[in-house]
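Going by our numbering, the sequence shown wraps up at 252, each residue one higher than the last.
Be careful, since some hints might not be right.
To be verified - Label pairs and their computed distance ranges (CB to CB):
id	residue 1	residue 2	range
1	G220	P14	50 to 60 angstroms
2	I108	L244	32 to 42 angstroms
3	D226	V248	28 to 38 angstroms
4	A117	L69	24 to 34 angstroms
5	A125	S201	19 to 29 angstroms
6	Q186	V156	45 to 55 angstroms
7	D59	A117	19 to 29 angstroms
8	Q186	L244	13 to 23 angstroms
9	R128	A104	45 to 55 angstroms
What the hints contain is simulated information worked out from the structure, not anything from laboratory work.
Where a beta carbon is used, it is the ideal one built from N, C-alpha and C, also for glycine.
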Amino acid sequence: MVAISRDREPVRCPLKALKIEAGDTAVLEVNDSFFYDVRTEEDFALTKALDGYHIQRTDRAIIAMLITLMMVSVVAVGWMSMLNAGLLAAGAMLLTGCLDYKKAARSIDWGTLVVIACAIGLESAVSRSGLAALLSGLLTAVGGNNPYTALAVIFVGCTFMTNVITNNAAAAFMFPIALATAAQLQVSFMPFAITLMIANSCAFITPTGYQTNLMVWGPGGYSFGDFVKMGIPMTLIVGVMTILLTPVFFRF
Numbered sequence: 001m002v003a004i005s006r007d008r009e010p011v012r013c014p015l016k017a018l019k020i021e022a023g024d025t026a027v028l029e030v031n032d033s034f035f036y037d038v039r040t041e042e043d044f045a046l047t048k049a050l051d052g053y054h055i056q057r058t059d060r061a062i063i064a065m066l067i068t069l070m071m072v073s074v075v076a077v078g079w080m081s082m083l084n085a086g087l088l089a090a091g092a093m094l095l096t097g098c099l100d101y102k103k104a105a106r107s108i109d110w111g112t113l114v115v116i117a118c119a120i121g122l123e124s125a126v127s128r129s130g131l132a133a134l135l136s137g138l139l140t141a142v143g144g145n146n147p148y149t150a151l152a153v154i155f156v157g158c159t160f161m162t163n164v165i166t167n168n169a170a171a172a173f174m175f176p177i178a179l180a181t182a183a184q185l186q187v188s189f190m191p192f193a194i195t196l197m198i199a200n201s202c203a204f205i206t207p208t209g210y211q212t213n214l215m216v217w218g219p220g221g222y223s224f225g226d227f228v229k230m231g232i233p234m235t236l237i238v239g240v241m242t243i244l245l246t247p248v249f250f251r252f
């Protein structure tokens, strides 16, 4: 308790010795859990909501932690895939009341889902039209029978696509090409898959390569050239390490 008034006048006696009476108005210093704990009480009323503030729920925190721990555990021991475990955990959160249906619906990033759906359609078009086989043939002709050269070409192509279009679309476009290239070279696809994953995250060269680049572009006062000057050396370092180390841990 910070202060208290009675009949619109401040109380003169020490707060520790004060006996609260009906009609007293008190100023309280509370933690975040107070608002949730007294949400159903009639003795307290929130007269003005704070912008951007949300009451944090703590009553089902232990249940939520146990569900999350179970999800991680079943995936770690190999009992089920991450997708199935995540879906079961989300259902358990809803059934136990840790998450309500309205908040669950609002948390869905519909924009990302649309981009992924479009990327899947792009991947299907690249594969079925024969473009993937054509490009993989060109890549094989450029690199010969050297899988390291093929990895380098895949890395460069995916990095370029990632910085021009979204990383989801770049991954969907390059995946069938990398798969066909590995098949033509008759080597394992795993090094190509790892290279695609890493190259798909190298959105350093342009401000439009990733959302966070755009977030800092204007407020930070950066120019397009700043991203190029910093992004190209970073991409080269990542590319060299990827091409050299990936086949060490994931054999052709």
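Quick check: which numbered hints come out false for this structure? Checked against the structure, the hints that fail are numbers 6, 7, 9, while the rest are satisfied.
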